[in-house]
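S.K.: Each chain, letter by letter, is given below.
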Amino acid sequence: MRNKLARWLLTQTINKDIRYSAIGDFDEIYASIAKQEGINRARLWYWTQVARSIPSFIADSLYWRFHMFQNYLKVAFRKMMKQKVFSLINIAGLAIGMAICILIFLWVQDELNYDRFHDNANNIYRIVMDDQNYGVKWPVVSIPVGPALKQDFPEILDMVRISDFRGLITHEDNKFDEIGAYVDPSFLEVFSFPLEEGNPETALSSPLSIVISQEMAEKFFGQKDPLGKNLKLNQDLDLTVTGVIQNMPENSYFDLDFLAPFEIYEQQDHDPTNWGRFQLYTYILLQDHTSFKQLETKIAGLLQEHDVREGPQLQVEPLTRIHLHAVDGGGDIRYIYIFSIIAVFILAIACINFMNLTTARSSTRAIEIGMRKVTGARRTDLVKQFFGESVLIALIALGFAIMLVFLLLPTLNNLANKQLSLNPHGNWSIIFGFVGIVLFSGFLAGSYPALFLSALKPVNILRGALIPTRGGAKKALLRKALVVSQFAISIFLIISTLLIFKQLHFIRHRNLGYQKDHIISVSLRGNASEQYEAFKNELLKDSRITNATATSELPVMIRKIHTGYDWEGKDPEKESRMTEVIVDHDFIETFDMTIIQGRGFAKDYSSDSTEAYILNEAAMKGMELDSPVGKRFEAPIHEGMREGTIIGIVKDFHFQPLHDAIEPLVMFILPGNFNYLCIRVQPEISELSGTIRYIESVWDKFVPNFPIQYSFLDARFDRLYRSEQKTGRIFGYFTFLAIFISCLGLFGLAAQISEQRTKEIGIRKVMGASVSGITFLLTRDFMRW
Amino acid sequence: MNLLSRSEEIVLLAIWKLQGNAYGVTIRNLVNDASGYEWSVGAIYAPLHRLVKKGLVKTLRGEPLPERGGRHKIYYEIALEGKKALFQIKRVHETIWHDAPTLEQDES
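So the sequences go chain by chain: A and B.
Heads up: the first sequence at position 156 corresponds to 156 in this note's numbering, and the numbers run straight through without jumps.
Heads up: the second sequence at position 77 corresponds to 77 in this note's numbering, and the numbers run straight through without jumps.
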């Protein structure tokens, strides 16, 4: 027909009550205009009329829909006010559940978004060295790997080598320790760290340039323009500031304050043709749509082509996976799974509360349903009403949940060491998350009343033949099943929490095999290593310092693994892999370790500093020697083998995270290779600050150029397990809340049921039942759960 | 009882005036003539729908017409409640106008 589209639009928008009449009018006027002024005018009229009328028609439809909605809303609010305890429990439970969900959601979102802000995020990969012979997998490769890859493989568009370090930066009188890196100039192109000032193309091209962060620029130059200023790196290198980058965002794997050109690194005695020294990070930028797995098979054997011993293979790792999947990433994908599951559990518990309380009250609701049906409500209307009601309650709960989130967010940020915020700007997924949570909990919680109650026959309801007779048992069964599953979840969470706390307790109180308390470690920088002996003697003059020693690595974390040791009676076929630590004479006394065979290092034996070895128990077992003391032992030092004797066996101590077994360890003295000075101080807390001042003054005398850098060994130890402890604490809070919500629901259910049984209790009392008897009667049902 | 809105009042008055010949087209014509500008069909029906729902106006089914696409005319007729409402409005108007200074349209 003529105006099909216009007609269709009309029928879609007009409320059905007036549709018939209004469309008739349209046709009639159309016909009369067509007769008088011609069909075209009529058609024009029809269209303009439709266009002008549709807003009114839509407003009209909405008006009536809203009218009914108002009624639903009114009833819902009345119900809520009438049943205050019930509503409170529902809303409180849901609000807490939702708040936890939102918090976890924010956290998960933040974790998953690590390093995704780079424009090239999906094309940046890191090269990893995987040495299966030794079970070592670490994301460092040798200097020539990067350039060779770029040259040989056209799909690799660019590469960046990064060697990060801590450097002392000086400008006039300002002196600060900063973490920075030597990087290839392509760094600024491959990664998206925008320059605030300076030209990204030339900023790192001169070998004497340095790019600093905004934060650092402010620290050194305040409001002044930093470009062109001079900065001294490690007291001996004058660099010119050529650029200022924005501070690296919180959710970035990198956290660098300055970038220096890679050429400086190469000039520092790092042979650019040495393929076998794994010392720096290498990132590559791939072409769009290139499979990194394919590339991996092509480059795996690259090192062997350049005469590196059998073993190390190259692998490729996407930048966006580093945070959650890599060995050195700060996050852990397992935590993401665990916490997501907890979020769902807790929300489920809250929804079960809602369902239970609603079913328990269904008999009162039934009469309303009967009335509505009698006055002409269809089933779909009722379904809509009940879903609407539970979604409404979910919405109110969301309001409270958002308030709770604002309250709890600082605590979570503190615990998780993050900068999360509930900022919907530019974060659409949060909005979707909110809508999702409301709809999910609203529909889950409202499903029973909406689908079951709406099906009741009004005749039955109003006649009084209510559900309790036959459906009652079934309904109670459903309720019981829900409560049981609710508590099953809670108990599961309790058990998990207990396990975690037990684990944490184990870590804290485990005997490590050495004393980590009252030890201050000072990193030996500048010329401190050379002056170590004099420095140490000066320190020991003070009575508050009981012992001092030096080591290449701190005993909380010794990682250097070597191979190629030899000893008397060694099976030539056998692998000789050991962890190695270079120590000073009094290492064993300072850390209070136990010698179980032979002796420790001693100054009396002059040969100790050149040819003595101490092994741990694990090494002794691995070597299959019964009496190792006095046997010949050789270690590879500086390209050659150093021959010596085993002088003692130290009792096993934990020099690696407690998750790992104790591995074979060898200790020996090699002056000039110390990185840390470890000082044992008197345990009196009151003396501590004085002692530290003394250590600082001695340091300043010997090493005036570098500020002292010290830490407490036990604090370092705790830091190793900090993420475990935090996770444990957060887990504990969540479990507590889950139990709280379950109990809240049970309490509500109990209150509801006792209320329904008021009459029964009255009669029982009249008949002579005691209070304790009734209490027993009422609690009996709940004890079973 | 709440007072009617202006559009409801006008439509209700039109139905009263048309006395038995009030259906969509005639109501709209009358209102158009009286107000001096063209109301859209939707603008008539929105207040009409509310009047019907409030029970101020009853509907009657008329004869089917070919130019209406074979549809019946739907006549609108004032109900008792509608009469009361109209009367109330009239009284409010008269009471307020009573003793008010005469209002003349400014020629300039």
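Incorrect hints may appear among the rest.
[Stated by the list, open to error] Within a straight-line C-alpha distance of at most 20 Å, the following computed DMTMM-like cross-link-like pairs (lysine to aspartate or glutamate) qualify: (1) A/Lys4 / B/Glu104; (2) A/Lys35 / B/Glu67; (3) B/Lys73 / A/Asp17.
The hints are simulated quantities; they were obtained by calculation from the structure and are not laboratory data.
Computed from a predicted model, the values in this text were never measured in an experiment.
S.K.: Hints first: check each against the structure and report whether it holds.
M.R.: How the hints compare with the structure:
no.: 1; hint: A/Lys4 / B/Glu104; in the structure: violated, 49 Å
no.: 2; hint: A/Lys35 / B/Glu67; in the structure: holds, 11 Å
no.: 3; hint: B/Lys73 / A/Asp17; in the structure: holds, 14 Å
Going down the numbered hints, you'll see the structure goes against just number 1.
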